[in-house]
Amino acid sequence: MSDSRVAKAEISDAELLAALEEAEEEYGSMAEALRNAVKTAYAGDDDDVDGERLNDENDLPVKAREGYHKLVEWAEVGGRLELDTATSILANHLNIPKKGVEGRIIKPLVGANVLWKDWSYENVWVVVGTLDGEPLGTETAPDPSETEPTEAEIATDGGGVRERLDELAAAGAEVADGE
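For the sequence shown, the UniProt record's numbering gives the first residue as 1, with consecutive numbering after it.
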């Protein structure tokens, strides 16, 4: 007897179809979503969440923990990555579809207070925290306004550069005049 079988079923219940489509998006394929559903419902045990073994240390799925270590490798603790970049890195490293990264890796890490999402005007960032779930030496997640210069700070430098340019222009004028 073969170790695998192909199972087919028609699903006409709109609610079940919607749930299946959502799972398909999360896991990258309908087949993977169905495998996970069967594994969770009938073959899972207490240490299984979303079909993945939990790590005893803080109940993170093994893939999520691997993803955390990869993010630390790229951005270090306290570092930030654009969400799209982090998703690509994790999908490539963990060999899972990009569509599944959010549900299988990022959501468990955010839920465990190991990763934070940070929104700016144009991008969504992930901030890498510590595995113990403590925000990086603060009461709350890091404030991006403290780590990045504001537009006003970028636009003005206190006049130091302008003064130096004026000084160089004056020196150039003196040389040109022969003084």
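It cannot be assumed that every hint is accurate.
Straight line, CA to CA, 27 Å or less: simulated DSS-like cross-link-like pairs of lysine-lysine [unchecked claim]:
no. : residue 1 : residue 2
1   : 117       : 98
2   : 117       : 99
3   : 70        : 107
4   : 117       : 39
5   : 98        : 39
What follows is a set of in silico ranges between Cβ atoms, one per label pair, in the way DEER data are often shown [said to hold, decoys possible]:
no. : residue 1 : residue 2 : range
6   : 22        : 85        : 20 to 28 Å
7   : 174       : 123       : 30 to 38 Å
8   : 73        : 17        : 34 to 42 Å
9   : 171       : 84        : 18 to 26 Å
10  : 78        : 35        : 12 to 20 Å
For the record, the hints were derived by calculation from the structure and aren't laboratory data.
Model, not experiment: these values are computed from the prediction.
Note that beta-carbon positions come from the ideal geometry of N, C-alpha and C, so glycine has one too.
Each hint tested on the structure:
1. 117 with 98: Distance of about 17 Å is within 27 Å: holds.
2. 117 with 99: 17 Å, holds
3. 70 with 107: 16 Å, holds
4. 117 with 39: The given pair, whose Cα atoms are some 30 Å apart, is violated under the 27 Å limit.
5. 98 with 39: Roughly 22 Å between the alpha carbons, so the hint for residue 98 and residue 39 holds.
6. 22 with 85: 20 to 28 Å: 25 Å, holds
7. 174 with 123: 30 to 38 Å: Between residue 174 and residue 123, where Cβ atoms are some 48 Å apart, the hint is violated.
8. 73 with 17: 34 to 42 Å: 39 Å, holds
9. 171 with 84: 18 to 26 Å: Given a distance of about 48 Å, which is not inside 18 to 26 Å, the answer is violated.
10. 78 with 35: 12 to 20 Å: 37 Å, violated
Hint violations for this structure: numbers 4, 7, 9 and 10, all remaining hints satisfied.
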